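So the chains spell out like this:
Protein chains: 2
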Amino acid sequence: MKSLKDRIVTLAVKDLEAIEVALKENLVTYLGFVSDVAGHLLFAGGKRFRPLLMVLSARLCGYNGEYDKTFSVIFEYLHTATLLHDDLVDDAALRRGKAAANKIYGNAEAVLVGDFLLARSLSIAARTGDIKVIEAIGEITEDMSQGEIHQLIGKGNIDLTEEEYMDVIRRKTATLIMGACRCGALIADAGEDSLSKLTAYGYNLGMAFQMTDDLLDYTSDAGDLGKAAGADLREGKLTLPVIFSLKEAGSEDRQKMEAVIRNNEFTDDDFRALKDMLEKYGGISYTTSRASEHVAKAKDALSTFKASETRDLMMMLADYSINRKG
Amino acid sequence: MKSLKDRIVTLAVKDLEAIEVALKENLVTYLGFVSDVAGHLLFAGGKRFRPLLMVLSARLCGYNGEYDKTFSVIFEYLHTATLLHDDLVDDAALRRGKAAANKIYGNAEAVLVGDFLLARSLSIAARTGDIKVIEAIGEITEDMSQGEIHQLIGKGNIDLTEEEYMDVIRRKTATLIMGACRCGALIADAGEDSLSKLTAYGYNLGMAFQMTDDLLDYTSDAGDLGKAAGADLREGKLTLPVIFSLKEAGSEDRQKMEAVIRNNEFTDDDFRALKDMLEKYGGISYTTSRASEHVAKAKDALSTFKASETRDLMMMLADYSINRKG
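Chains D and U are the protein sequences, given in the same order. For the first sequence, the numbering used here begins at 1 and goes up steadily by one. For the second sequence, the numbering used here begins at 327 and goes up steadily by one.
To be clear, the hints were calculated from the coordinates, so they are not data collected in a lab. Note that the coordinates shown come from a computational prediction; the quantities given were computed from them, not determined experimentally. Glycine included, every Cβ here is placed at the ideal spot set by N, Cα and C. Do not rely on the hints blindly, as some may be mistaken.
Unchecked claim - Between beta-carbon pairs, the in silico distance windows are: (1) 67(D) - 515(U): 21 to 31 angstroms; (2) 493(U) - 269(D): 53 to 63 angstroms; (3) 631(U) - 66(D): 41 to 51 angstroms.
Produce the complete structure using the sequences and hints provided.
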């Protein structure tokens with residue numbers, strides 16, 4: 001039996017190909033250097049999760065125009081801009097299994113090319129002629145930057161609460177995925193009901209997606225992940241598996257965990273010991289179950305749409321958001 | 327007799343005060359840290375040149391609505407975002423006489439707060455409900471980032487041509503100032519003729535403004551400038567005074583100049599020697615005269631508008647773009 005990922009790719013192959021073409025066509029710049037830096041990350045095997053969600057959301061709401069692929073690139077460009085700026089913020093060495101752009105081209109270059117991608121997103125959004133789409137892009141970008149800043153200033157804060165964590169991941173991740181689904185509905189001129197259901201789908205899928213990312217940082221290996229495992233911990237970035245386990249642990253184990261968290265040069269043994277604590281105090285299973293709840297809500301939001309291949313695919317994408325290796 | 331700057335401030339005092347209020351009111355964020363970082367630069371004595379130009383351009387075209395100040399902040403936020411990212415690019419220590427934001431708060435923080443300001447600009451632009459304004463903001467942001475990148479990859483290039491220099495400053499500086507004037511005309515629903523004249527005014531004023539900035543880096547002292555003099559040269563950033571003088575110099579003097587340019591740890595004596603060359607080969611006077619030509623064109627573009635206090639003030643602002651110390 002084919003893997004979920006393979007079945008999704010088989011069903012979505014035409015859309016994914018068209019998105020790939022649109023991503024290349026809309027990267028309009030007079031500087032070859034900009035194409036190189038943007039392309040380094042943009043064409044390094046991204047899943048195209050966000051543009052695909054926009055295209056499918058539009059189709060689910062009956063859109064049959066020609067511009068869905070064009071508009072969908074907004075969400076990949078915004079995502080890529082964020083990654084370019086994040087790699088600098090996190091001082092990450094690897095991204096998608098390649099050296100991070102700022103390590104090859106320099107920090108300044110990565111920042112400015114990120115700005116260019118933000119600007120291209122805006123220009124493409126303007127071409128929708130739809131103020132609601134444009135407003136959404138503005139709000140998404142505001143939310144993402146504030147979520148990133150909140151995360152950044154919270155680094156090393158051992159007292160970060162689950163509530164703050166949820167607020168951060170909503171802003172930094174769920175908002176963009178939700179936005180892709182919302183804007184798909186908007187360009188299809190969907191009614192209020194469909195719009196709010198696709199918003200709920202996107203929000204819940206986005207939350208599950210980020211929780212899974214945060215889990216993978218503890219459960220995956222670098223090969224699948226395309227970046228170093230344990231990176232969050234090394235940066236002092238507390239995520240739900242750790243936040244929950246710290247709360248549940250007795251004072252002795254809590255102190256042991258805190259010692260690893262505070263030491264950003266922890267050894268492989270330290271990391272394994274911490275992972276054991278996450279198992280012992282249920283941080284892994286709690287996060288998995290919260291993510292699954294969000295997936296259930298995402299799928300539920302689709303239930304009143306008429307059955308179709310598009311809906312099936314979106315159901316599969318919801319499942320995929322938590323059943324993936326990287 | 328009052329200085330030109332004082333006369334401008336006297337005439338524009340009400341607008342400047344209202345812009346200041348709007349800049350504070352529209353900096354909407356749930357994170358005090360974002361207000362702090364953005365405010366560090368945003369409220370450090372900027373001239374509010376760009377928002378004032380938008381307000382005046384709108385008024386010159388008969389706008390009498392209430393939102394000009396609100397919309398005008400777009401141009402100060404975009405400008406500030408660029409400065410935040412630039413300080414990182416240039417690794418500058420000082421900006422407006424204060425430590426650069428990235429030196430106090432960190433590179434990552436400066437990048438993300440810059441992103442937030444870009445996003446706020448977009449959200450405010452969306453509130454105009456005017457697709458042309460939004461398109462303009464997209465184009466401006468694309469141009470600015472490409473201009474900055476072009477400048478960055480051209481650093482240390484001793485063969486930079488006058489044409490390339492003009493292209494860079496058009497994108498990185500003139501486009502935003504032109505955009506402020508254009509968008510003023512757009513929110514006033516101005517006709518094609520007024521729109522194209524204000525576009526010409528803004529473009530020429532912007533070119534003169536940047537040429538003057540580049541001159542001041544050689545002719546001003548750090549106190550007036552709010553940042554270190556000779557900074558461009560230290561970064562390997564060739565500007566018109568140098569480009570022109572290199573072209574005019576004989577091979578011996580050209581070699582002397584190149585030696586200083588290539589040595590980013592040049593001494594005060596080296597810098598003085600280079601400045602003498604800029605005088606000797608006419609780089610200073612050539613740049614001054616090119617800037618003056620642009621000011622003349624800017625003022626000429628206003629000549630068919632009916633005489634008014636607003637037009638007088640805009641004429642004075644054109645003069646001010648080249649008659650300033652910092």
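Evaluated hints:
no.: 1; hint: 67(D) - 515(U): 21 to 31 angstroms; result: holds (28 angstroms)
no.: 2; hint: 493(U) - 269(D): 53 to 63 angstroms; result: holds (56 angstroms)
no.: 3; hint: 631(U) - 66(D): 41 to 51 angstroms; result: holds (43 angstroms)
Of the hints listed earlier, there is not a single one the structure fails to meet.
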